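Chains as they are written, first to last, in this note's numbering: chain A, 0 to 395; chain B, 0 to 395.
The hints are simulated quantities; they were obtained by calculation from the structure and are not laboratory data. Remember, predicted model here, so these are calculated numbers, not experimental data. Heads up, none of these hints are tricks.
The list cannot tell twin chains apart, which means a pair is met if one copy fits it or any two copies do.
DMTMM-like, lysine to aspartate or glutamate: derived pairs with alpha carbons at most 20 Å apart:
1) 53 to 297
2) 4 to 138
3) 64 to 301
4) 51 to 62
5) 325 to 222
6) 31 to 20
7) 64 to 303
8) 24 to 346
2 protein chains.
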Amino acid sequence: MFSPKMYELGSRRLCIRELFEYGLKQAAIVGKENVYDFSIGNPSVPAPEKVKEKLIEIINTLDSKSIHGYTSAPGNMEAREAVGKELGKRYGMDISGKNIFLTCGAAPAIVTVVRALNLGQSEFIVLAPYFPEYKNFVENNGGKLVVTPADMKDFQIPIEELKKRINFNTQAVIVNSPNNPSGAIYSRETLEKLAALLEKRAREYGHAIYIIADEPYREIAFDGVDVPFIPTIYKNTIVCYSYSKSLSLPGERIGYVCVPDSVENSAAMFSAVAGAARSIGHICAPSLLQLTIARCTELRPDNDAYKKNRDTLYNALISYGYECVKPQGAFYMFVKAPYGDAQSFSDIAKKRNLLLVPAGDFGCPQHLRISTCVAHDMIERSLPVFKQLIEEKPQK
Amino acid sequence: MFSPKMYELGSRRLCIRELFEYGLKQAAIVGKENVYDFSIGNPSVPAPEKVKEKLIEIINTLDSKSIHGYTSAPGNMEAREAVGKELGKRYGMDISGKNIFLTCGAAPAIVTVVRALNLGQSEFIVLAPYFPEYKNFVENNGGKLVVTPADMKDFQIPIEELKKRINFNTQAVIVNSPNNPSGAIYSRETLEKLAALLEKRAREYGHAIYIIADEPYREIAFDGVDVPFIPTIYKNTIVCYSYSKSLSLPGERIGYVCVPDSVENSAAMFSAVAGAARSIGHICAPSLLQLTIARCTELRPDNDAYKKNRDTLYNALISYGYECVKPQGAFYMFVKAPYGDAQSFSDIAKKRNLLLVPAGDFGCPQHLRISTCVAHDMIERSLPVFKQLIEEKPQK
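With these hints in hand, go ahead and build the complete structure from the sequences.
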């Protein structure tokens with residue numbers, strides 16, 4: 000006598016998690032060095048030393064209540080100010096504490112914004128390839144998910160396809176750049192086209208259409224590629240952020256929703272976000288981590304390690320004959336299955352203990368997601384297996 | 000263009016929070032020592048020294064990924080084992096890691112269980128006086144809240160009233176003992192009556208009726224009063240717990256759902272809980288705190304401080320002529336307004352900077368909740384104000 004829907008959601012593991020758990024089991028059998036686990040997005044780079052220093056400093060110098068007591072629901076005002084001011088300064092916008100609602104990471108941030116925007120079966124558009132949990136976040140919180148197929152050429156936003164999917168019930172487009180799983184960064188040009196389209200349609204329908212900018216990989220970009228901050232391009236953008244990737248703190252559940260002043264009825268929208276958070280049992284973000292990130296807003300991830308991984312793997316795979324659009328950011332590589340569909344190729348690779356995520360759930364059933372936030376030597380050890388697999392391509 | 004329901008929820012502050020914020024403002028005007036803030040349940044006792052020690056030890060000895068990396072959704076298995084084993088040992092039950100799902104505190108734990116149990120407009124019964132957020136947790140997650148009026152005599156469970164409210168659609172009764180706001184601890188006798196009633200009705204309807212045991216105050220009890228662990232009395236009990244009160248860590252958002260083996264289809268129910276958590280964006284409980292509480296399972300709150308507060312205030316109020324059932328646990332006192340209704344009395348008290356929460360939202364519009372997790376000297380300074388207020392009782 001429980002909800003069959005929740006049961007199904009809880010027992011049907013994410014494919015990513017399943018591969019990850021399989022990898023742990025196999026490591027126990029064949030040895031850790033013989034498993035090439037590219038499944039999960041757990042940052043391989045440790046948290047910056049300053050995070051550790053600040054954690055200890057806070058614990059040693061503040062009193063228990065200041066560290067561990069309730070904060071207000073949107074968070075400790077000093078922490079919100081620190082986060083907002085740094086963000087505003089970086090992108091030349093006027094952002095302050097009142098625009099920042101600290102959350103337990105990006106996942107509940109997105110759920111919160113979906114619930115705040117949902118007017119009852121409102122439509123939320125995603126752009127393939129997309130993070131599979133968007134489906135859960137939207138559909139289990141009363142919304143309807145609408146999928147725009149991928150632009151396979153460069154994984155930018157396929158504006159013409161998107162156009163066909165916007166209607167009066169469209170409340171938001173979820174934009175994730177740098178993208179998980181493709182590693183694409185939507186260019187300013189692409190985003191300006193998106194903005195123009197949404198503005199036009201919003202005028203036609205007489206109501207705003209929002210961008211939900213899911214940005215946990217914001218700071219992970221290579222080769223000097225520009226990562227535009229979407230609120231500077233489109234005013235009705237609500238940002239969801241997490242420190243999981245940039246500060247390597249995925250287990251700590253600390254992130255935020257930013258509702259810039261440019262959003263229509265910004266203060267009221269912020270209240271709707273607060274209400275939506277309250278409706279899922281949000282009390283506050285973890286208080287010690289609120290204080291910690293407030294003291295670390297200037298820190299940036301160690302992109303050299305991620306770039307080195309990308310370069311090694313990308314160059315090797317291309318030389319073997321794999322097809323892959325070169326990732327500009329994040330720590331994933333999105334590779335076309337060289338034969339069969341992604342699921343069958345993933346199954347074949349799995350037999351050699353090479354764990355690649357088939358991207359059917361990401362909206363691209365021919366592609367595999369390869370997580371590159373791994374130890375560099377594992378990449379090197381895995382290369383012969385990648386090579387063998389493509390060489391075994393069946394002849395037609 | 001946002002959800003009016005979420006907007007309302009976000010802009011209509013809890014009365015508790017409103018008084019709390021008012022208190023902060025008044026303190027700046029009349030001086031902190033002249034404001035008697037009994038509004039909020041922020042533990043006045045600091046976290047035990049061992050929590051601090053363990054936090055520092057973990058940060059100094061484990062590597063970044065072990066501390067801050069993702070754990071599995073139900074939590075780090077060692078932490079779950081430590082929590083489950085200690086609980087089982089304490090209450091003579093067989094509880095282990097597989098029964099424990101670590102959460103970001105009790106609030107999302109309750110939301111999660113409501114979502115796991117809700118079959119679509121299922122009914123969830125609460126017993127007045129009840130924590131007002133239950134209404135939000137149930138109604139904004141698809142359930143229907145049914146209120147059983149309080150037994151004003153001793154705030155135990157009014158079985159006859161409850162009986163009338165159980166029907167085929169009843170999925171659960173939410174039980175909170177030691178109780179916020181009354182301080183009552185439901186006796187074994189009361190709970191056995193409740194169990195017998197639910198078992199009988201479950202047989203009649205051919206489906207289980209659950210108890211959701213919300214137990215953040217489990218360890219805060221005085222005078223040796225027994226706090227029965229409800230799963231030992233009723234098999235279909237799902238426990239929601241938080242370390243907010245027992246370890247004075249309310250800002251850290253760490254707690255759990257416990258689904259004992261005795262629950263019908265326990266493993267499947269656990270999956271439903273996992274699915275429900277996933278549906279609201281739960282990824283894992285804060286990882287550093289998971290490791291910390293796992294090393295502190297034997298710690299108990301400093302009840303001497305809370306008992307001293309209760310005794311001072313209770314004895315004084317009774318001597319002045321206030322009516323109040325003596326609290327057996329938690330850190331609240333539930334006092335009948337000596338004249339007018341609770342709201343008007345709260346308003347009068349507020350003018351003297353004495354902040355008492357009117358309990359209309361708790362289902363008892365004649366009562367006031369007084370939070371006794373405050374500095375003892377504030378209680379002493381407040382006594383003349385309590386005395387004056389009752390002496391000013393208007394003559395009929």
